[in-house]
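Visitor: Given next are the chains, with one letter for each unit.
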Amino acid sequence: MPKAIVCDGNEAAAWGVSRARVDMVAVYPITPQSSLAEYVSQFVADGIIEADLMDVEGEHSVLSVLQGACLAGARTFTASCGQGLAFMFEPYYRTPPLRLPIVMSIVNRDGITPQSVWGGQQDAMTVKEVGWIQLYCETVQEIMDTVIMAYRIAEDHGVMLPVNVCHDGNYLSYGVEEAVIPDQDQVDLFLGEKNTNWHAALDPERPMAVDPLTGGSGSPGPAMFTRYRMGLCQGMQNALKVIPEVHREWGDRFGRYYSPLVEEYRLNDAETAVVTIGSMTGAAKDAVDMAREAGQRVGLIKVKTFRPLPVAALRQALSKVKAVAVVDRSVSFGCNCGPVYHDILSVLYRLEERVPAISVIGGLAGADITEKHFLKVIESLASAQHSGDFPQQPMWLNEHE
Amino acid sequence: MRKQAKKPFDASAIPDNLCPIATTLSELRTGDWRAERPVVDRRRCVKCATCWVNCPTQCITEKKTWFEANLEICKGCGICAHECPHRAITMVVEEED
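If you read the protein sequences in the order shown, they are chains P and C. Per this note's numbering, the first sequence starts with residue 524, numbered consecutively. Per this note's numbering, the second sequence starts with residue 301, numbered consecutively.
Label pairs and their calculated CB-CB ranges: (1) Leu328(C) <-> Gly581(P): 33 to 41 Å; (2) Val393(C) <-> Asn859(P): 54 to 62 Å; (3) Gln638(P) <-> Thr330(C): 46 to 54 Å; (4) Phe748(P) <-> Thr357(C): 28 to 36 Å; (5) Gly378(C) <-> Asn859(P): 57 to 65 Å; (6) Thr357(C) <-> Glu561(P): 49 to 57 Å; (7) Ile379(C) <-> Ala595(P): 38 to 46 Å; (8) Leu328(C) <-> Tyr616(P): 25 to 33 Å; (9) Thr357(C) <-> Cys858(P): 46 to 54 Å; (10) Gly378(C) <-> Phe748(P): 31 to 39 Å; (11) Gln760(P) <-> Val392(C): 55 to 63 Å; (12) Trp333(C) <-> Ala595(P): 30 to 38 Å; (13) Arg752(P) <-> Thr330(C): 26 to 34 Å; (14) Asp575(P) <-> Arg329(C): 38 to 46 Å.
To spell it out: a stretch of chain P is covered by chain C in this simulated footprint if at least three of its residues, at any positions, have a beta carbon under 8 Å from a beta carbon of chain C; those stretches are: (15) 616 to 625; (16) 728 to 734; (17) 741 to 752.
These are computed hints drawn from the structure, not numbers from a lab. Please read these numbers as outputs of a predicted model, since none were measured by experiment. We put the CB at the ideal spot given by N, CA and C, even for glycine.
Assemble the whole structure, with the sequences as input and the hints as a guide.
Guide: So this is what it looks like as structure tokens:
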């Protein structure tokens with residue numbers, strides 16, 4: 524029987540790891556991921572996770588160790604965030620082109636400086652372009668389920684890419700809800716045979732050099748390098764088909780259905796919409812309900828899969844409204860807006876009709892985004908649409924708190 | 301094709317746009333980009349092995365009465381010619397084939 528427990532998001536992720544039967548875990552603690560590192564370590568000590576646990580000296584070694592383990596055929600897991608992720612960047616950047624199906628939780632934390640130890644998505648958003656799949660969770664149960672689903676997505680032969688399961692620091696890492704732990708035999712059937720190194724291996728039976736020198740200006744260097752780059756792009760695009768299939772199969776087997784790429788909430792008759800990502804979505808949905816009761820035709824678009832960017836799904840959702848406000852929990856310093864907003868603009872360009880957008884930035888370094896904030900966003904969006912005067916600067920939600 | 305510890309396995313079923321892998325040794329050798337080659341004057345060589353000791357690539361091979369460089373490996377650095385106490389080695393410019 525599936526077992527219901529009450530736990531926080533970090534413990535939920537550890538239960539997902541246990542059900543996925545990983546072979547090796549390497550993890551280095553950093554707030555707000557630390558308790559996840561502790562749960563995983565305790566589960567290994569208690570035999571709940573039957574894996575080798577590598578205690579290494581930092582995040583750079585964490586991911587380097589897992590690259591070797593994955594090439595040797597192991598199913599692997601780690602978790603990090605913030606400055607830990609920054610320190611991990613060198614092997615992180617190399618994992619997608621090695622096509623290693625490693626799963627890593629990012630317990631989203633804002634970037635320093637200024638010093639802070641609280642939630643924000645600056646860490647994951649800063650590394651979004653290097654080829655990891657990024658899935659953002661909304662609830663504790665979704666974290667557990669998505670960690671397990673992530674292995675199916677990562678190890679799909681058409682994908683073969685690492686996956687970040689992102690959950691917001693503080694609000695989800697320490698937020699406590701009821702969650703159901705799926706049966707082991709059902710998860711075993713769902714995940715099937717593991718094979719992480721059929722394409723590249725450290726294996727005496729299959730002697731090979733992994734990642735020999737390619738590129739340069741002389742033939743066939745440019746053709747080879749370009750072919751691998753195109754292959755990585757193709758893997759990402761294939762993931763846009765695989766992610767919905769895996770979510771559908773998960774729902775059929777376990778009864779919990781999630782919108783795999785983009786969720787549309789009260790959107791069909793909406794004039795405007797708020798675009799959200801991660802744990803802020805709950806408060807945003809409440810605000811949409813309140814605005815609806817007050818007679819405003821507003822809906823919501825939630826991004827679950829941010830990398831690869833689900834262009835077709837976003838296009839479909841965005842084409843239903845006349846204006847949007849995109850709420851980010853991080854900053855694109857280079858573009859003077861939020862990073863999700865920036866990507867939404869690239870989708871809006873592909874619509875038939877022009878849909879103006881507002882960039883909203885809030886919830887930085889642990890700040891709360893409440894229903895009141897979202898009501899303010901909805902009001903600003905409505906008045907901009909009414910006047911036709913859309914602000915060119917971002918709207919900073921917590922500026923005066 | 302030179303000797304390899306194991307026979308290469310068949311990698312043809314693996315797509316060639318995933319992780320770069322190689323199952324055969326590269327034919328590229330350090331002797332391929334030499335600008336000058338060492339030429340030994342056998343009448344001067346006394347087989348003292350000074351060249352053998354000093355060669356950074358350890359490519360000097362022993363013959364019956366002299367030493368000479370293995371030109372597949374020799375990079376043409378000229379250290380052997382510089383160190384030879386009997387001036388038995390001359391560096392000669394490689395000509396295009």
